[in-house]
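These protein sequence lines map, in sequence, to chains A and B. Taking the working numbering, I'd label the letters of the first sequence as residues 1 to 218. Taking the working numbering, I'd label the letters of the second sequence as residues 1 to 225.
Hint data in this document are derived by calculation from the structure and do not stem from the laboratory. Remember, predicted model here, so these are calculated numbers, not experimental data. We treat Cβ as the ideally placed atom computed from N, Cα and C, and that holds for glycine. Mixed in with the good hints, there may be bad ones.
[Claimed, not checked] Quick list of simulated restraints, FRET-style, between CB atoms:
#1 Pro12/A with Thr106/B: 44 to 50 Å
#2 Glu148/A with Ala110/B: 36 to 42 Å
#3 Thr127/A with Gly126/B: 37 to 43 Å
#4 Glu188/A with Glu117/B: 36 to 42 Å
#5 Arg128/A with Ala110/B: 37 to 43 Å
#6 Gln171/B with Gly97/A: 25 to 31 Å
#7 Pro198/B with Met1/A: 40 to 46 Å
#8 Val149/B with His189/A: 28 to 34 Å
#9 Ala134/A with Gly126/B: 22 to 28 Å
#10 Asp210/B with Gly142/A: 19 to 25 Å
[As the list claims (entries may be wrong)] Counterexamples of contact, computed for chain A against chain B with all Cβ distances above 12 Å:
#11 Gly80
#12 Gly97
#13 Leu152
[Stated by the list, open to error] Listed below are several chain B residues computed to face chain A (Cβ distance under 7 Å; list not exhaustive):
#14 Leu140
#15 Val147
#16 Val149
#17 Gly151
#18 Val167
#19 Val213
#20 Thr221
#21 Ala224
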Amino acid sequence: MALDPGPLREIPVQRTALTVYFRQVWLPGDGSAPDPFFVRREGRWATDWTLYTATSPEVAWAEYCRNHPSDVANADITGGVGLDLAGLAALGSLALGAVPARALYELDFAFDRLADLTSAWASELLTRAGFDTASFTADPPGYGDCPELASLAATLEWQAILVPSAAWQLPDGLCVPVFQEGRLALVEHRRVVAAARPSVAVAAATTYADALRPRWLA
Amino acid sequence: MPLDLTPSTPDVKQSSHDWLVVKGWPSTQATGDEYSDPLTLGSYIDTLKIISLFGPWATGDEYGGVFVTSKVRLAGLREHAAEPPDTLHPPAEQSPAESVQSRAATIARAVPAVPVERPPVPHLTGELLDDARIVTGLTLDQIARAVRVSGRAVAAWRAGTVPSHRVSFLQAIRSIGVSLVGGLGPSGVQRWLLAGTPSRLDRLAAGDVDGVVAEARAYETSPAT
Numbered sequence: 001m002a003l004d005p006g007p008l009r010e011i012p013v014q015r016t017a018l019t020v021y022f023r024q025v026w027l028p029g030d031g032s033a034p035d036p037f038f039v040r041r042e043g044r045w046a047t048d049w050t051l052y053t054a055t056s057p058e059v060a061w062a063e064y065c066r067n068h069p070s071d072v073a074n075a076d077i078t079g080g081v082g083l084d085l086a087g088l089a090a091l092g093s094l095a096l097g098a099v100p101a102r103a104l105y106e107l108d109f110a111f112d113r114l115a116d117l118t119s120a121w122a123s124e125l126l127t128r129a130g131f132d133t134a135s136f137t138a139d140p141p142g143y144g145d146c147p148e149l150a151s152l153a154a155t156l157e158w159q160a161i162l163v164p165s166a167a168w169q170l171p172d173g174l175c176v177p178v179f180q181e182g183r184l185a186l187v188e189h190r191r192v193v194a195a196a197r198p199s200v201a202v203a204a205a206t207t208y209a210d211a212l213r214p215r216w217l218a
Numbered sequence: 001m002p003l004d005l006t007p008s009t010p011d012v013k014q015s016s017h018d019w020l021v022v023k024g025w026p027s028t029q030a031t032g033d034e035y036s037d038p039l040t041l042g043s044y045i046d047t048l049k050i051i052s053l054f055g056p057w058a059t060g061d062e063y064g065g066v067f068v069t070s071k072v073r074l075a076g077l078r079e080h081a082a083e084p085p086d087t088l089h090p091p092a093e094q095s096p097a098e099s100v101q102s103r104a105a106t107i108a109r110a111v112p113a114v115p116v117e118r119p120p121v122p123h124l125t126g127e128l129l130d131d132a133r134i135v136t137g138l139t140l141d142q143i144a145r146a147v148r149v150s151g152r153a154v155a156a157w158r159a160g161t162v163p164s165h166r167v168s169f170l171q172a173i174r175s176i177g178v179s180l181v182g183g184l185g186p187s188g189v190q191r192w193l194l195a196g197t198p199s200r201l202d203r204l205a206a207g208d209v210d211g212v213v214a215e216a217r218a219y220e221t222s223p224a225t
């Protein structure tokens with residue numbers, strides 16, 4: 001069923017500056033600088049240009065783990081024993097060995113039209129529009145109603161949206177997909193770390209797609 | 001006597017200013033200093049909690065900050081009121097998985113990632129076999145086993161001598177290696193190719209080039225999942 005744009009137009013948009021955003025970025029093999037604005041038309045909120053950012057480093061890295069569960073599975077640091085609370089205390093702050101290192105960037109945006117889809121009022125309007133809010137955490141490849149909503153972002157003149165993270169399903173788990181119009185709202189970006197790997201703790205805290213949680217993480 | 005919920009003017013302005021600076025949702029009054037405040041993110045999350053508790057956002061500027069300040073205070077009160085005594089509501093027993101995951105979140109907030117040295121840049125030669133080995137760390141024997149020939153036969157592959165039906169296999173290995181070596185280094189790429197049952201290297205040799213290349217290219221971007 002197609003989404004009704006009427007209620008979606010009523011979702012409040014905010015003029016706001018968001019000072020802290022993070023994104024983990026692929027490292028080219030030729031040693032050149034990574035491109036923090038590289039995008040591909042894929043993922044939950046795919047448009048011609050969608051930059052996936054998160055509100056904290058742990059959410060960004062959790063998205064990485066959720067997107068590469070086989071690598072996390074191969075990075076079993078427990079030797080097959082599995083991670084329990086004692087193991088977590090000892091190993092949680094270590095890096096996952098078998099996962100490619102990536103750069104981490106911090107981005108500053110000054111949005112004119114950020115749609116916060118996490119509020120109760122926004123949820124109500126989304127539901128009225130026919131959007132199933134369970135889609136926020138729906139598994140790939142379909143991602144529920146998210147791709148369709150993303151396809152309406154330009155029509156709704158949304159520069160970016162604030163949404164729950166499927167990978168970090170906690171109150172502070174928030175992502176900010178930035179759309180083409182929002183690119184103009186970028187104020188500044190900084191590289192936080194040139195190369196890093198997610199910690200064991202992030203891998204353990206991540207919510208994976210159905211049945212894909214690596215067994216060693218318990 | 002009705003309660004006067006309106007703070008005195010100086011207090012309101014000070015509170016509003018503090019809030020705007022600390023919360024990281026600056027209005028037109030923002031100075032820019034808030035961008036370097038390490039408290040910004042955590043406070044911002046508090047702000048989101050307030051939004052979820054008390055509805056759609058208002059900046060507070062239109063009320064001289066009173067509305068926002070009241071929301072912040074109300075959120076604090078509600079949080080305290082919502083906390084039941086432990087004796088009345090003992091915590092439910094969590095499954096081990098839940099415990100590990102929730103404890104892990106606490107550690108992850110402190111250590112989300114671990115900085116590592118960026119692997120050195122490999123120097124390519126232009127020779128297909130050599131370059132495939134340089135960026136993947138694969139040995140001649142490992143390549144030979146994957147394509148079910150002898151190591152000596154593979155060692156003899158030099159420019160112009162690679163069998164035509166092996167060229168695409170080596171090109172795929174080289175392409176994948178170039179995609180991953182920046183983050184994994186050659187030894188990491190080797191482990192990546194040999195991981196799994198069947199291994200990705202075996203899948204490549206069996207003709208699943210598109211599938212394995214797609215897995216490697218998936219690292220180039222950062223899709224929300």
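Hints and how they fare:
Checked against the hint of 44 to 50 Å, the pair Pro12/A and Thr106/B fails, with Cβ atoms roughly 33 Å apart. Checked against the given bound of 36 to 42 Å, the beta carbons of Glu148/A and Ala110/B, roughly 38 Å apart, stay inside it. Between Thr127/A and Gly126/B the beta carbons are some 59 Å apart, a value that contradicts the proposed interval 37 to 43 Å. A C-beta distance of roughly 27 Å is found between Glu188/A and Glu117/B, which places it outside the suggested range of 36 to 42 Å.
Checked against the given bound of 37 to 43 Å, the beta carbons of Arg128/A and Ala110/B, roughly 41 Å apart, stay inside it. Distance hint check for Gln171/B and Gly97/A: the Cβ-Cβ separation is about 28 Å, which falls inside the suggested range of 25 to 31 Å. At roughly 42 Å, the beta-carbon separation of Pro198/B and Met1/A lies within the given 40 to 46 Å, and the hint holds. The given range of 28 to 34 Å is broken by Val149/B and His189/A, whose C-beta atoms sit roughly 49 Å from each other.
Between Ala134/A and Gly126/B, the C-beta spacing of about 53 Å breaks the proposed range 22 to 28 Å. At roughly 21 Å, the beta-carbon separation of Asp210/B and Gly142/A lies within the given 19 to 25 Å, and the hint holds. Consistency note on Gly80/A: stated as away from chain B, and its beta-carbon is indeed over 12 Å from all of that chain's, at 15 Å minimum. The non-interface label for Gly97/A is inconsistent with chain B: the shortest C-beta to C-beta separation is roughly 8 Å, within 12 Å.
For Leu152/A, the requirement that its beta carbon stay farther than 12 Å from each beta carbon of chain B is met, with the minimum near 17 Å. Annotation: Leu140/B was flagged as interfacial toward chain A, and the flag is violated, the nearest CB pair being 21 Å apart, outside 7 Å. About 23 Å separates the beta-carbon of Val147/B from the nearest beta-carbon of chain A, more than 7 Å, and the hint is not met. Hint status for Val149/B relative to chain A: violated, with the closest Cβ pair at about 27 Å, above 7 Å.
A distance limit of 7 Å between C-beta atoms decides the matter here; for Gly151/B the minimum to chain A is near 26 Å, and the interface restraint is violated. Interface restraint check: Val167/B against chain A, minimum CB-CB distance 21 Å, threshold 7 Å, status violated. The criterion of a C-beta within 7 Å of any C-beta in chain A is not met by Val213/B, whose closest approach is roughly 14 Å, and the hint is violated. Proximity of Thr221/B to chain A holds as hinted, the smallest CB-CB distance being about 5 Å (cut-off 7 Å).
Of the supplied interface hints, the one on Ala224/B holds, with its beta-carbon coming within about 4 Å of a beta-carbon of chain A, less than 7 Å.
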